[in-house]
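For the protein sequence lines, the chains are A and B, in the order given.
Position 68, counted from 1, in the first sequence is what the working numbering calls 68; the numbers after and before it change by one each time, with no gaps.
Position 307, counted from 1, in the second sequence is what the working numbering calls 307; the numbers after and before it change by one each time, with no gaps.
Just to be clear, a hint being listed does not mean it is correct.
[What the hints assert, rightly or not] Below, in silico cross-link-like pairs of lysine-lysine (BS3-like), each with a Cα-Cα straight-line distance of 25 Å or less:
{"hint": "1", "chain 1": "B", "residue 1": "K3", "chain 2": "A", "residue 2": "K130"}
{"hint": "2", "chain 1": "B", "residue 1": "K101", "chain 2": "B", "residue 2": "K76"}
{"hint": "3", "chain 1": "B", "residue 1": "K388", "chain 2": "A", "residue 2": "K128"}
{"hint": "4", "chain 1": "B", "residue 1": "K13", "chain 2": "A", "residue 2": "K130"}
{"hint": "5", "chain 1": "A", "residue 1": "K128", "chain 2": "B", "residue 2": "K76"}
Think of the hints as simulated: they come from the structure by calculation, not from any bench.
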Amino acid sequence: MKAILEVKDLVKKYGDFTAVKGISFDIKEGEIFSLLGPNGAGKTTTISVLSTLYAPTSGDATIGGHSITKEAMAVRNLIGVVPQELALYDDLTANENLVFWGQMYGLSGKNLKTRVEEVLEQIGLADKAKNRVKTYSGGMKRRVNIGVGLLHKPSLLFMDEPTVGIDPQSRRAILDSVKELNQQGMTVLYTTHYMEEAQELSNRVGIIDHGELIALGTQAELTKQVGEMETLILHIDENEDPERLAAAIRTAPGVKRADVTDHTVTVIVPEAEEALAPAVTKANELGIKIRSVDIQEPNLEVVFLHLTGRALRD
Amino acid sequence: MRKLFLIGLKDLKLVFRDKAALIFMLLAPFLLTLGMGFVTGQFGGSGSGISNIPVGIVNQDGGQLGNALVELFQSKDLSDLVVATIIEDPAAARQQVDEDKFAAAVIIPTGFTESIIPSAGQIDASPAVQLVIYNNPTRPTSAGVVKTILEEFVNRLEVGRVGGTVIVTQLVTKGLISPAQVAAVAVQMGQQQVKSLDENSVIKLNSNVASESTVNFNPLAYIAPAMALMFLMYTVSNGGRTLLVERNQGTLPRLLVSPTGSAQVLGGKIFGIYLTGVVQMLILIVGSTLLFRLQWGDPLAVFVLVLAAVFGASGWGMLITSLAKRPGQISAIGSALMLTFGVLGGSFVNLEVMPTWVQFVSKITPNAWGLDGFSTLALGGGLGLIIKPILGLLVMGLVLFTISLALFNRRGMTMK
Numbered sequence: 001m002k003a004i005l006e007v008k009d010l011v012k013k014y015g016d017f018t019a020v021k022g023i024s025f026d027i028k029e030g031e032i033f034s035l036l037g038p039n040g041a042g043k044t045t046t047i048s049v050l051s052t053l054y055a056p057t058s059g060d061a062t063i064g065g066h067s068i069t070k071e072a073m074a075v076r077n078l079i080g081v082v083p084q085e086l087a088l089y090d091d092l093t094a095n096e097n098l099v100f101w102g103q104m105y106g107l108s109g110k111n112l113k114t115r116v117e118e119v120l121e122q123i124g125l126a127d128k129a130k131n132r133v134k135t136y137s138g139g140m141k142r143r144v145n146i147g148v149g150l151l152h153k154p155s156l157l158f159m160d161e162p163t164v165g166i167d168p169q170s171r172r173a174i175l176d177s178v179k180e181l182n183q184q185g186m187t188v189l190y191t192t193h194y195m196e197e198a199q200e201l202s203n204r205v206g207i208i209d210h211g212e213l214i215a216l217g218t219q220a221e222l223t224k225q226v227g228e229m230e231t232l233i234l235h236i237d238e239n240e241d242p243e244r245l246a247a248a249i250r251t252a253p254g255v256k257r258a259d260v261t262d263h264t265v266t267v268i269v270p271e272a273e274e275a276l277a278p279a280v281t282k283a284n285e286l287g288i289k290i291r292s293v294d295i296q297e298p299n300l301e302v303v304f305l306h307l308t309g310r311a312l313r314d
Numbered sequence: 001m002r003k004l005f006l007i008g009l010k011d012l013k014l015v016f017r018d019k020a021a022l023i024f025m026l027l028a029p030f031l032l033t034l035g036m037g038f039v040t041g042q043f044g045g046s047g048s049g050i051s052n053i054p055v056g057i058v059n060q061d062g063g064q065l066g067n068a069l070v071e072l073f074q075s076k077d078l079s080d081l082v083v084a085t086i087i088e089d090p091a092a093a094r095q096q097v098d099e100d101k102f103a104a105a106v107i108i109p110t111g112f113t114e115s116i117i118p119s120a121g122q123i124d125a126s127p128a129v130q131l132v133i134y135n136n137p138t139r140p141t142s143a144g145v146v147k148t149i150l151e152e153f154v155n156r157l158e159v160g161r162v163g164g165t166v167i168v169t170q171l172v173t174k175g176l177i178s179p180a181q182v183a184a185v186a187v188q189m190g191q192q193q194v195k196s197l198d199e200n201s202v203i204k205l206n207s208n209v210a211s212e213s214t215v216n217f218n219p220l221a222y223i224a225p226a227m228a229l230m231f232l233m234y235t236v237s238n239g240g241r242t243l244l245v246e247r248n249q250g251t252l253p254r255l256l257v258s259p260t261g262s263a264q265v266l267g268g269k270i271f272g273i274y275l276t277g278v279v280q281m282l283i284l285i286v287g288s289t290l291l292f293r294l295q296w297g298d299p300l301a302v303f304v305l306v307l308a309a310v311f312g313a314s315g316w317g318m319l320i321t322s323l324a325k326r327p328g329q330i331s332a333i334g335s336a337l338m339l340t341f342g343v344l345g346g347s348f349v350n351l352e353v354m355p356t357w358v359q360f361v362s363k364i365t366p367n368a369w370g371l372d373g374f375s376t377l378a379l380g381g382g383l384g385l386i387i388k389p390i391l392g393l394l395v396m397g398l399v400l401f402t403i404s405l406a407l408f409n410r411r412g413m414t415m416k
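Construct the entire structure; sequences and hints are all you get.
Here you go:
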């Protein structure tokens with residue numbers, strides 16, 4: 001399949017700080033591609049550069065064959081952007097917001113009216129279109145925020161953490177709408193720090209950390225990187241020292257790694273159930289009380305942990 | 001260009017949905033105009049602008065001109081403006097001024113008429129006798145109106161007296177009348193002078209322009225534009241603030257990744273500020289015309305001056321915006337600038353009573369230029385007489401916009 005986005009050695013520096021460190025990847029037409037990484041990994045900076053908001057320090061990218069550095073206006077006509085923040089005018093109604101943003105994308109007259117009506121239907125706010133956005137719930141605002149990005153039917157839609165800070169119901173609605181848009185032929189670059197979203201939506205995933213693309217591929221390809229490893233997660237009391245337990249577990253046979261996050265010890269092992277009994281024994285020997293235990297099969301969270309030694313939520 | 005206008009119109013719509021902004025832009029100037037009107041005595045008495053000024057008149061002269069002056073103050077032409085009360089005793093009149101019962105007391109001393117119209121057997125009149133006005137310091141504007149009426153009366157008499165003396169002397173020298181006839185001729189001329197005074201409404205101030213028309217003196221015509229211009233500074237700084245607010249809330253970056261272009265986005269924001277300022281000024285002008293019955297002057301000239309004043313003020317708004325990093329900074333600097341320019345530019349105290357150096361420094365404010373123009377127009381001037389303030393405001397705007405755009409260019413629209 002033809003690539004709609006090709007990124008080559010993209011670097012973005014802010015003074016002495018390098019937010020994006022020479023990443024390269026491409027996105028095929030019709031794909032949902034997720035950039036998965038913790039907060040501060042460089043996801044938003046990458047989208048900001050690709051959407052022509054900031055010029056790259058070096059490197060380039062093409063969208064639909066147009067360079068983001070040399071043909072910014074052509075690129076802007078092809079892309080839709082759903083920013084992380086609610087980039088809307090609170091004192092305008094949803095209808096007025098959509099009309100204004102449609103005009104900024106060159107829509108006018110009957111075409112504008114039709115598209116605004118279609119998008120209002122699509123985001124499920126046709127009956128509340130004349131209410132000011134400031135009266136909406138967080139989820140409703142998120143839907144308008146997405147609607148603005150869809151008005152001009154972009155070839156490539158950038159969605160920067162569109163589910164941050166909303167209720168599960170709205171989150172579900174947004175994920176469903178992303179899948180629906182993709183089924184209609186829209187290519188999506190989706191950034192998130194929620195492993196479940198990347199797993200549910202993406203054809204391919206790029207894992208980004210500290211500005212570097214540390215892994216790229218389908219979910220199957222990525223989980224293969226950690227072999228057939230499983231994850232054993234031990235939640236301990238708040239007044240206990242998880243590092244003591246992790247250090248003890250690391251000495252147990254078969255344990256690939258044991259990492260500490262808050263009051264949790266995450267252990268990567270070939271068979272989590274087999275590793276559970278020795279882990280509990282170690283805890284008892286140290287006098288550490290285990291409050292609960294989770295077992296996870298190989299997933300992107302494990303991949304990230306395997307690659308960085310940290311959890312995605314760190 | 002279409003998108004530029006659309007961005008500006010969007011900003012105008014947003015401002016008119018912001019209650020706090022509306023209070024500052026529209027309500028505050030009206031309330032301050034009202035307040036200052038009361039303080040300066042414009043709403044004293046009837047509460048309908050400058051009218052019913054209480055004046056005490058002591059006529060110790062009793063001659064033709066003294067009586068004419070009393071009649072003038074009691075005339076129908078002045079009945080709305082002044083309420084004249086005849087008092088016998090000058091001390092009593094002064095006391096009533098001290099007790100704030102009169103805005104001023106006018107004392108016509110004995111011999112006032114004879115000092116202008118010669119007695120029988122004299123060619124020259126007696127030495128000049130001065131009218132006395134005793135002002136109430138708590139009502140400076142009302143007292144100023146009374147003084148203006150008197151000055152006009154005296155000026156006309158002085159012209160008539162000098163002219164009359166020359167004519168009578170010429171008539172005697174050439175033997176056309178005898179010295180015995182001098183008094184009769186002088187009386188006749190005096191009567192003509194009094195008649196002339198009656199025919200020309202001396203309560204009116206000549207507009208000092210080529211136009212023959214005259215306008216009523218109303219200090220609110222100074223206060224209202226002064227307040228409007230002061231709060232125009234709020235509007236332009238608030239407009240600039242929205243640029244940084246839009247940056248923070250993400251709508252500015254969203255505009256910049258749309259196929260709009262940064263020049264159009266910045267142009268649209270500037271247009272929005274300008275448009276809001278113009279609409280604010282026009283609402284205040286129409287509102288004060290209806291509420292205070294103010295005469296702003298030639299509508300076309302007023303409109304042109306509004307366009308220039310908003311241009312100059314917008315330059316300051318953009319300069320603050322280009323220097324600030326956070327919306328709060330613009331609010332703080334904007335408020336400080338609004339008050340500083342208000343004082344410096346004559347919005348609170350007429351610049352004519354300020355030191356020369358203040359008058360000089362005031363030229364950096366749109367308030368000073370704008371007030372200069374609005375005052376001229378309120379006094380009957382036309383577009384031709386406000387070219388200087390208009391040019392001053394345009395140059396101010398051009399310089400400030402040039403600096404602002406250079407700063408924006410250096411920092412980038414996202415100002416990161």
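Okay, the hints, checked on the actual structure:
Under the criterion of a C-alpha separation no larger than 25 Å, the hint pairing K3 (chain B) with K130 (chain A) is consistent with the structure, at around 23 Å. A threshold of 25 Å between alpha carbons decides the hint, and for K101 (chain B) with K76 (chain B) the separation of about 22 Å falls inside it, so the pair holds. Simply put, K388 (chain B) and K128 (chain A) have alpha-carbon atoms about 53 Å apart, too far for the 25 Å limit, and the pair is violated. The hinted pair formed by K13 (chain B) and K130 (chain A) meets the criterion: a straight-line CA distance of about 15 Å does not exceed 25 Å.
For the proposed pair K128 (chain A) and K76 (chain B), the alpha carbon gap of about 64 Å is over 25 Å, so the pair is violated.
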